[in-house]
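Peer 1: For reference, the chains in residue letters:
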Amino acid sequence: MNRPGLTAPGAVRCRMILFVAGDEPNSRRARENIRAACSEKGSKRYDLQVVDVFDDFQTALDYDIMVTPALVVLDPPPRVTLLGDLSDTEKLHAALGLI
Amino acid sequence: MERPEPLPKLATGVEGLDSILEGGLPQARTTLVVGEAGSGKTVLALEMLYRGAMSGQPGVLISFEETGEAIRGNAFSMGWDLAALEAKGLLAVIRPKIDYNAIFAGEFSIKGLLAILSGQAKKISASVVVIDAVDVLMCLFNDPLRQRNELYSLHEWLMQSGLTAVLTAKSGQDTGLARDFTFMEFMADCVIQATQRVDTQVSTRRLRVLKYRGSAYGSNEYPFVITPRGIVIVPVSDAELAHRPLGAPVSAGQSELDAVLGGGYCRGASVLIAGPTGSGKTTLACTFAQAACRRQERTLYVSFEESREALTGAMLSPGIDLRPLLEDGSLEILTAMPEALGAEHHLLRIFQRIDDFEPEHLVVDAISAARRIGSEQAAFDFLIRLLNRCKERGITCIYVNQTGGAVSMEVLSGIGISSLIDAIVMLGFVRSGCEMERTLLVLKSRGRNHSNKFHKFSISSKGVALKTPGAHLSSEGKDK
Numbered sequence: 067m068n069r070p071g072l073t074a075p076g077a078v079r080c081r082m083i084l085f086v087a088g089d090e091p092n093s094r095r096a097r098e099n100i101r102a103a104c105s106e107k108g109s110k111r112y113d114l115q116v117v118d119v120f121d122d123f124q125t126a127l128d129y130d131i132m133v134t135p136a137l138v139v140l141d142p143p144p145r146v147t148l149l150g151d152l153s154d155t156e157k158l159h160a161a162l163g164l165i
Numbered sequence: 002m003e004r005p006e007p008l009p010k011l012a013t014g015v016e017g018l019d020s021i022l023e024g025g026l027p028q029a030r031t032t033l034v035v036g037e038a039g040s041g042k043t044v045l046a047l048e049m050l051y052r053g054a055m056s057g058q059p060g061v062l063i064s065f066e067e068t069g070e071a072i073r074g075n076a077f078s079m080g081w082d083l084a085a086l087e088a089k090g091l092l093a094v095i096r097p098k099i100d101y102n103a104i105f106a107g108e109f110s111i112k113g114l115l116a117i118l119s120g121q122a123k124k125i126s127a128s129v130v131v132i133d134a135v136d137v138l139m140c141l142f143n144d145p146l147r148q149r150n151e152l153y154s155l156h157e158w159l160m161q162s163g164l165t166a167v168l169t170a171k172s173g174q175d176t177g178l179a180r181d182f183t184f185m186e187f188m189a190d191c192v193i194q195a196t197q198r199v200d201t202q203v204s205t206r207r208l209r210v211l212k213y214r215g216s217a218y219g220s221n222e223y224p225f226v227i228t229p230r231g232i233v234i235v236p237v238s239d240a241e242l243a244h245r246p247l248g249a250p251v252s253a254g255q256s257e258l259d260a261v262l263g264g265g266y267c268r269g270a271s272v273l274i275a276g277p278t279g280s281g282k283t284t285l286a287c288t289f290a291q292a293a294c295r296r297q298e299r300t301l302y303v304s305f306e307e308s309r310e311a312l313t314g315a316m317l318s319p320g321i322d323l324r325p326l327l328e329d330g331s332l333e334i335l336t337a338m339p340e341a342l343g344a345e346h347h348l349l350r351i352f353q354r355i356d357d358f359e360p361e362h363l364v365v366d367a368i369s370a371a372r373r374i375g376s377e378q379a380a381f382d383f384l385i386r387l388l389n390r391c392k393e394r395g396i397t398c399i400y401v402n403q404t405g406g407a408v409s410m411e412v413l414s415g416i417g418i419s420s421l422i423d424a425i426v427m428l429g430f431v432r433s434g435c436e437m438e439r440t441l442l443v444l445k446s447r448g449r450n451h452s453n454k455f456h457k458f459s460i461s462s463k464g465v466a467l468k469t470p471g472a473h474l475s476s477e478g479k480d481k
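Note that the protein sequences, when read in sequence, are chains Y and A. In the numbering used here, each number is its position in the first sequence, counted from 1, plus 66. In the numbering used here, each number is its position in the second sequence, counted from 1, plus 1.
Fair warning: there could be bad hints in the mix.
Sample of chain Y residues at the chain A side, in silico, Cβ under 10 Å [said to hold, decoys possible]:
hint, residue
1, Ala102
2, Ser105
3, Arg111
4, Tyr112
5, Asp113
6, Gln115
7, Val119
8, Thr134
If you are wondering where the hints come from, they were derived from the structure by calculation, not from laboratory data. We treat Cβ as the ideally placed atom computed from N, Cα and C, and that holds for glycine.
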C-alpha cells in the first residue's frame with residue numbers, strides 16, 4: 067500500500083497500539099514481532115502502546131478490536147489495522163513504512 | 002448417578018414463545034437463531050433482550066450488522082426504549098465496526114470480542130448476551146476450520162461465563178457458512194429457525210424450534226407477526242381448550258327475533274349469520290350490536306367489507322344509527338382490507354383490539370373475506386384461532402358469512418369448526434307471487450329452545466321485523 071508522508075523517514079514518528087489478549091501464544095508472538103521490527107531501525111521513532119484487552123476492554127471497544135492480536139497504526143495517517151501475530155514481516159514492515 | 006435437575010429456563014417474555022419453548026430459553030446456555038435476511042431473527046433476539054432487561058435481567062447486545070442507531074430506532078418503533086435501559090445500566094448496546102481494509106498479518110483469534118463481552122457483562126452484571134449476526138464476524142476468518150475453532154472457543158467461553166446467550170446467524174446459500182451451521186447447531190442447546198415465505202401472495206413469517214437439548218418443545222412451525230408491540234406468536238395447535246361455558250341469554254336486538262331464538266343468543270356463544278348477498282346479514286348483526294352498546298356492553302365490529310363511514314351510512318336506512326355509539330365509546334369499528342395483511346397480522350390486530358378494548362361482543366363482517374387473506378388453510382386457521390380466543394374470553398361472536406360464493410358451508414362445518422359454532426341463523430330469499438321475500442331460519446341454537454321454522458323477515462326504516470312466526474312459506478324450504 068502506498069502511504070504518503072513516508073518519503074522522509076527521519077522526520078516521521080510512528081504511533082501505534084498493539085492489542086493483545088493476556089499471554090496467548092499469538093499475542094506473545096505479536097509482541098516479539100513488533101519489538102523486533104521497531105528495533106531494526108531504532109525504537110526512538112516508534113511510540114508503541116500495548117493494551118491487554120482483558121485489562122482494558124474499553125480501549126478495545128473504542129478501537130473496534132474484536133480479534134487479537136491487532137496492531138493499530140495511528141500515526142502517520144491514514145489509520146491502518148493489522149490483524150494477527152505480525153508474523154508476516156513483509157506486511158508489517160510495509161505498514162510501518164520500513165520498506 | 003443423581004437424577005438430573007430439571008433444566009433451568011429463562012422466560013423470554015415474547016408472547017407465545019415461552020409456551021412453545023415450555024418455559025423459555027435454556028439458562029446459562031447458548032441458543033442459536035438462524036434465518037434468512039428479513040426473517041425477523043434480529044427482532045426476536047432484541048425482544049428477548051428487551052423483555053429480559055425490563056424484568057430486571059441486564060443484558061448485552063453486540064451487533065455486527067446494524068448500527069446502534071438503527072437498532073435503537075427499530076426498537077423504539079416497537080415502543081422499546083433501549084436508551085432508557087442503557088441509562089439505567091440494564092442494557093449495553095455494542096456495535097463494533099469491522100474493518101474490512103484490515104491487513105491480515107498472521108494468526109489471530111476472537112479474544113478481543115470475548116474480552117469486550119466479558120468486560121461489558123461485568124460492568125452491568127449482565128445475565129443475558131445477544132450476539133447478532135455472528136456470521137458477519139466469522140467472515141474475518143476465511144477458512145472453515147478457523148471459523149469452527151473460533152466458534153468453538155466462543156462457545157467454551159459462553160459456557161464458562163454462565164451467561165444465557167442468544168446468537169443469530171444468517172442461513173441460506175449466500176452466506177458461505179453452510180458447513181459451520183451444522184457445527185453451530187451442535188454447540189447450541191437450543192436452535193430456533195425463522196423463515197419468511199410467500200403463500201398466495203401473502204408473506205408470512207414462521208418460526209420453528211429445531212432442537213432443544215434436554216427439554217420438550219412445540220415442534221410445529223408457528224406463524225408469527227412483528228406487530229407495533231413486538232413479536233407475537235400464537236401456537237395454532239395449542240390443544241388445550243379453555244372455553245367458557247355459554248352464559249345467560251343476550252338479546253339479538255329485536256324482540257320477535259329473540260322469541261324465535263328461544264330468548265336470544267347466549268353470552269359467549271359463537272353465532273353464524275349466513276346468507277346470500279343482500280339478505281340482511283349486516284343489518285341483523287348491527288341490530289345486535291346497537292342493542293348491546295345501548296346496554297353499555299362494549300362491542301367490537303370488525304369490518305372486512307366496508308369502511309367505517311360506509312357502514313355507519315348504510316345502516317341509517319334501516320334506522321340503525323351507530324354514530325352515537327361510536328362517540329360514547331361503546332362501539333368500535335376495526336376496518337381492514339383482507340388483502341392488505343397476512344392472516345397472522347389480521348388476527349393479531351384483532352387480538353390486540355380485544356386486549357385493549359375488552360369487548361363483551363364481537364362482530365366479524367364477513368368471515369367470507371377471510372379467504373381473501375390468503376389460502377384456504379390460512380382462512381381456516383384464522384377463523385379457528387379467532388373462535389378459540391373469543392371462547393376463552395367468553396366474548397359473544399357474531400360471524401357474518403356470505404353464502405353462494407366465497408367460503409362454503411363445508412369450510413365451517415368441516416374439521417371440527419362446526420362444533421364450535423353455537424348458533425346458526427340462515428337468511429335467504431323465496432319467491433312469493435311476483436315478489437322476493439326475505440326468510441330467516443334458526444338452523445341451530447345450542448342451549449336454547451329455538452323455532453325450527455322459516456320466518457318471513459323484513460327490513461324497513463324501523464329496522465328488522467319478523468312476520469308471524471310459523472307463517473308457512475314456499476314448499477322448498479318447508480320444515481316439518
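Peer 1: Against each hint, give a clear statement of whether it holds in the structure.
Peer 2: For each hint, the structure was consulted:
no.	hint	verdict
1	Ala102	violated, 13 Å
2	Ser105	violated, 18 Å
3	Arg111	violated, 20 Å
4	Tyr112	violated, 17 Å
5	Asp113	violated, 20 Å
6	Gln115	violated, 16 Å
7	Val119	holds, 4 Å
8	Thr134	holds, 4 Å
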